[in-house]
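Hey, can you work out the whole structure from these sequences and the hints?
The chain contents come next:
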Amino acid sequence: MAAGAGLSSAWSAVSAALVPPAALGLDAELRAALEVLRCYGLHAAVEEWFLEVLQKDLQAHIAPEFWNCISQYENTAEEQQCSALLLDAFCLLKRRLEPYLSSMELLEGWTKAGLLLGTGAQTLREKVYTMFKAILFFSTTKPFQKMIQQFYSRTFRIYMRQWKKGEEGMNECESSMSEAEQESDTEESGGESTACTGCGSSREQCWCPTAMEQFRQLNDILRRLNLLERVSADAVTTILHRMIKERMERRCRGEYEHSFLNEFQEWIEKVLGWLSRVFLQDGPLARPSPEASSTLKRWRCHVQRFFYRIYASMLIEELFSIIRDFPESKPAVEDLKFCLERTNLRQKLLSSLKSALEIRLLHPGVNTSDIITLYISAIKALRELDPSMVILEVACEPIRKYLRTREDTVRQIVAGLTGDAEGSGDLANELSKADPVTLENGQESDDDISEPGDWVPDPVDADPGKSSSKRRSSDIISLLVSIYGSKDLFINEYRTLLADRLLHQFNYSAEREIRNVELLKLRFGEAQMHYCEVMLKDMADSRRINANIRDEEEKLPEEERPPFSLVAVILSSEFWPPLKEEKLELPEQVKEAMEAYSKKYEKLKAMRTLNWKYHLGLVSLDVELADRTLSLSVSPVHAAIILHFQTKSTWTLAELSEVLKVPVTSLKRKMTLWLQQGVLREEPPGTFTVIEEEQKDQVEKVVLIDSDEEGDSAMASQADQKEEELQLFWTYIQAMLTNLESLSLERIHSMLKMFVMTGPVVTEIDIQELQGFLQKKVRDQQLIYSGGVYRLPKNCN
Amino acid sequence: MRVKVRSWSGVASWLWVANDENCGICRMAFNGCCPDCKVPGDDCPLVWGQCSHCFHMHCILKWLHSQQVQQHCPMCRQEWKFKE
Numbered sequence: 001m002a003a004g005a006g007l008s009s010a011w012s013a014v015s016a017a018l019v020p021p022a023a024l025g026l027d028a029e030l031r032a033a034l035e036v037l038r039c040y041g042l043h044a045a046v047e048e049w050f051l052e053v054l055q056k057d058l059q060a061h062i063a064p065e066f067w068n069c070i071s072q073y074e075n076t077a078e079e080q081q082c083s084a085l086l087l088d089a090f091c092l093l094k095r096r097l098e099p100y101l102s103s104m105e106l107l108e109g110w111t112k113a114g115l116l117l118g119t120g121a122q123t124l125r126e127k128v129y130t131m132f133k134a135i136l137f138f139s140t141t142k143p144f145q146k147m148i149q150q151f152y153s154r155t156f157r158i159y160m161r162q163w164k165k166g167e168e169g170m171n172e173c174e175s176s177m178s179e180a181e182q183e184s185d186t187e188e189s190g191g192e193s194t195a196c197t198g199c200g201s202s203r204e205q206c207w208c209p210t211a212m213e214q215f216r217q218l219n220d221i222l223r224r225l226n227l228l229e230r231v232s233a234d235a236v237t238t239i240l241h242r243m244i245k246e247r248m249e250r251r252c253r254g255e256y257e258h259s260f261l262n263e264f265q266e267w268i269e270k271v272l273g274w275l276s277r278v279f280l281q282d283g284p285l286a287r288p289s290p291e292a293s294s295t296l297k298r299w300r301c302h303v304q305r306f307f308y309r310i311y312a313s314m315l316i317e318e319l320f321s322i323i324r325d326f327p328e329s330k331p332a333v334e335d336l337k338f339c340l341e342r343t344n345l346r347q348k349l350l351s352s353l354k355s356a357l358e359i360r361l362l363h364p365g366v367n368t369s370d371i372i373t374l375y376i377s378a379i380k381a382l383r384e385l386d387p388s389m390v391i392l393e394v395a396c397e398p399i400r401k402y403l404r405t406r407e408d409t410v411r412q413i414v415a416g417l418t419g420d421a422e423g424s425g426d427l428a429n430e431l432s433k434a435d436p437v438t439l440e441n442g443q444e445s446d447d448d449i450s451e452p453g454d455w456v457p458d459p460v461d462a463d464p465g466k467s468s469s470k471r472r473s474s475d476i477i478s479l480l481v482s483i484y485g486s487k488d489l490f491i492n493e494y495r496t497l498l499a500d501r502l503l504h505q506f507n508y509s510a511e512r513e514i515r516n517v518e519l520l521k522l523r524f525g526e527a528q529m530h531y532c533e534v535m536l537k538d539m540a541d542s543r544r545i546n547a548n549i550r551d552e553e554e555k556l557p558e559e560e561r562p563p564f565s566l567v568a569v570i571l572s573s574e575f576w577p578p579l580k581e582e583k584l585e586l587p588e589q590v591k592e593a594m595e596a597y598s599k600k601y602e603k604l605k606a607m608r609t610l611n612w613k614y615h616l617g618l619v620s621l622d623v624e625l626a627d628r629t630l631s632l633s634v635s636p637v638h639a640a641i642i643l644h645f646q647t648k649s650t651w652t653l654a655e656l657s658e659v660l661k662v663p664v665t666s667l668k669r670k671m672t673l674w675l676q677q678g679v680l681r682e683e684p685p686g687t688f689t690v691i692e693e694e695q696k697d698q699v700e701k702v703v704l705i706d707s708d709e710e711g712d713s714a715m716a717s718q719a720d721q722k723e724e725e726l727q728l729f730w731t732y733i734q735a736m737l738t739n740l741e742s743l744s745l746e747r748i749h750s751m752l753k754m755f756v757m758t759g760p761v762v763t764e765i766d767i768q769e770l771q772g773f774l775q776k777k778v779r780d781q782q783l784i785y786s787g788g789v790y791r792l793p794k795n796c797n
Numbered sequence: 001m002r003v004k005v006r007s008w009s010g011v012a013s014w015l016w017v018a019n020d021e022n023c024g025i026c027r028m029a030f031n032g033c034c035p036d037c038k039v040p041g042d043d044c045p046l047v048w049g050q051c052s053h054c055f056h057m058h059c060i061l062k063w064l065h066s067q068q069v070q071q072h073c074p075m076c077r078q079e080w081k082f083k084e
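Protein chains in written order, with the UniProt record's numbering: chain A, 1 to 797; chain B, 1 to 84.
Just so you know, these hints were derived from the structure itself, not from any lab.
In this text, a Cβ means the ideal position worked out from N, Cα and C, and glycines have one as well.
Heads up, a few of these hints could be off.
As the list claims (entries may be wrong) - One-sided excerpt, in silico: chain B residues whose CB lies under 10 Å from chain A: (1) 4; (2) 17; (3) 25; (4) 38; (5) 39; (6) 40; (7) 42; (8) 48; (9) 50.
Have a look at this one:
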């Protein structure tokens with residue numbers, strides 16, 4: 001009997017262990033047993049007991065066994081083998097855990113039927129899964145992570161490969177884009193056509209299908225054990241990031257001329273296909289659970305965010321080059337704009353662009369005109385990128401600041417405006433745009449925006465002190481002109497350049513100048529350009545007067561006609577910028593001609609006379625020597641020099657300086673032209689003689705012309721003009737110091753401000769300028785500086 | 001050696017032959033123009049009175065128009081007569 005009972009319990013134990021309870025129809029029995037337990041109040045402990053046994057089993061057997069399994073394979077170098085073994089380990093794990101999972105389902109069923117109490121807030125299932133994660137994968141070893149990663153990246157590659165093949169199969173006519181893609185892909189794999197691009201081994205041994213099968217199985221297991229997120233999320237994220245980055249580097253770096261957004265969007269869809277293989281049940285027919293599809297949605301979101309961030313970062317890094325290449329790089333700018341709206345990289349963009357500008361642009365090695373050209377394309381590109389213009393304003397502040405320190409900025413901009421500067425047609429085009437913005441009115445209010453719905457608030461980093469409409473007036477010329485804050489400076493510079501062209505270079509085209517002045521008038525206003533208009537009118541008037549006088553002369557009998565034709569440019573002195581004063585005494589014959597001209601002018605224009613600027617102008621003459629004749633166009637000084645050599649063939653520098661009233665040093669420089677032309681020779685130094693007959697055998701002497709001679713401007717330089725203005729202060733300063741003996745720099749400045757700068761001739765002087773001026777006086781020993789105060793030297797009074 | 005000047009383009013500035021720099025009425029330079037004008041010279045000429053004072057024509061005409069009873073030179077208060 002005892003043996004029979006022992007046998008039956010042994011049979012039932014074995015059979016219960018061998019097959020699921022439902023197969024033996026034990027459900028009812030189990031239920032009855034459960035009822036008994038309920039009677040004794042023990043049913044509450046069943047779940048607890050189950051969890052505890054599971055925990056103990058996991059800790060004592062399953063986990064060590066699994067990790068053993070994994071660590072055995074750690075040393076396996078062969079990738080193929082490695083992934084097979086990885087799968088084996090997981091299969092083992094699944095086998096071990098499967099009974100627990102089915103028991104868990106049973107217990108769940110009972111809980112649902114109200115037989116058990118449940119496990120509180122967390123369901124049993126959650127607790128079991130947590131335990132799996134906590135005990136099995138609380139910490140994962142490096143090699144294991146590496147294995148997982150290797151496995152997923154391999155399958156990723158194979159998947160992408162298959163996808164592409166499938167696409168190829170579907171439509172024969174591949175777009176050129178994906179062809180290029182293919183090329184770059186094969187290139188990457190070494191270009192060996194014998195190797196499978198998916199698994200990297202030779203075609204005969206391709207194990208792509210195996211790998212994909214392993215991939216499917218592993219995912220199934222992980223999904224079953226609810227370990228998918230824990231085990232593979234990291235690896236998948238890393239792989240995706242790496243792949244996106246790699247792809248981006250390969251395809252987009254340095255390519256600004258077309259947009260990559262769509263291409264990448266397509267690619268991301270492919271990637272998502274792979275992801276769905278990982279996270280969803282296999283097979284297109286299987287309905288994805290809502291949970292899984294929300295996971296997928298999260299992943300899609302993540303991948304896209306990541307792509308935007310990476311792409312935007314790359315474009316930001318290259319923004320300088322993008323700006324430089326604008327407008328060819330317009331697609332890149334548009335891409336960046338799109339990505340920027342979906343990331344928060346704005347601050348990074350600002351700081352990175354600023355530092356790029358400082359490193360690559362704003363240093364002494366760059367031409368001012370290049371800086372201006374880049375600034376112009378920055379205006380254009382950033383206007384596209386950020387219509388509120390805040391980025392432009394913030395990022396380009398360093399450029400503006402730097403340009404302020406360059407002396408030739410104004411000149412370059414003005415030259416650009418008039419189309420004189422080579423290679424910068426931008427500004428000239430901008431100037432002749434049909435609808436210019438007048439610089440006067442920047443005061444439109446926000447109400448002007450036609451559609452209230454179109455209103456967009458300023459970005460947070462905008463300067464609240466400036467109205468948005470002012471900022472949004474992105475007119476290039478007004479931005480450039482506002483570098484200095486005043487347009488007067490530009491007008492003055494323009495006037496100086498115009499005067500220079502009209503008087504010094506003689507190569508102006510009246511039509512073009514008039515057109516420029518008219519265009520500038522539209523921008524700067526009538527009043528500002530008035531002086532320039534008078535200047536151009538002077539030129540026209542002069543031509544008329546010259547024609548008049550020539551007509552007069554032609555009526556004269558032959559012998560009374562002047563020996564050469566003298567034409568004059570007659571200026572309205574008040575309207576021209578101050579001309580450089582240079583002393584020059586012209587030869588008699590020329591002076592006579594000029595006087596005769598003046599007489600005729602006086603006859604033409606009653607009560608007016610002429611004041612000749614002897615040193616300005618252009619003389620064309622023939623130098624007839626014994627064996628040759630030279631035809632040249634030279635300045636009046638040069639002409640005067642050579643005319644004197646007619647009467648005497650040898651002059652010393654001192655003698656010449658005496659008759660011409662030109663200082664020896666500058667005269668010496670002027671002589672070089674004739675030395676270079678081979679008309680004069682200097683022998684001994686300081687004595688010049690005409691070379692009547694060219695010595696053929698003589699080695700040609702190369703005389704260099706001082707470079708500053710060439711670019712000599714007829715106008716007094718800005719610095720000279722300032723100097724003149726400062727001289728006005730000098731009398732005041734002297735008077736002050738005579739009365740008060742000694743004064744500090746600040747006192748002098750404040751007194752000058754009080755007495756001098758209030759007068760009608762307002763000349764502003766800031767304290768730095770004054771200091772510089774006073775230092776100069778100290779150097780010239782007109783002033784003594786000691787103990788922080790200035791004094792007049794004793795002997796001065 | 002002989003130097004033959006073919007043409008000489010010189011630069012000169014014109015000025016009024018007057019005994020003063022500025023117009024006594026508008027205080028602008030004679031060589032400039034009166035405040036109402038834009039272009040100096042022919043368009044804004046000077047005129048001389050018999051008292052030898054001279055002004056921008058536009059300035060003195062305006063002055064004379066504003067005088068109700070008798071027309072005087074604003075500088076010397078003599079009766080104003082244009083110099084022939």
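Hint check results:
1. 4: holds (5 Å)
2. 17: This interface hint holds because 5 Å falls under the 10 Å limit.
3. 25: Since chain A brings no Cβ nearer than about 17 Å to residue 25 of chain B, farther than 10 Å, the hint is violated.
4. 38: holds (6 Å)
5. 39: holds (6 Å)
6. 40: holds (5 Å)
7. 42: For residue 42 of chain B, the interface hint holds, since the closest Cβ of chain A sits about 7 Å away, which is under 10 Å.
8. 48: Where the cut-off is 10 Å and the nearest Cβ of chain A is about 8 Å from residue 48 of chain B, the hint holds.
9. 50: It is violated, given that the least Cβ distance between residue 50 of chain B and chain A is near 15 Å, above 10 Å.
In this structure, the hints that do not hold are numbers 3 and 9, in rising order.
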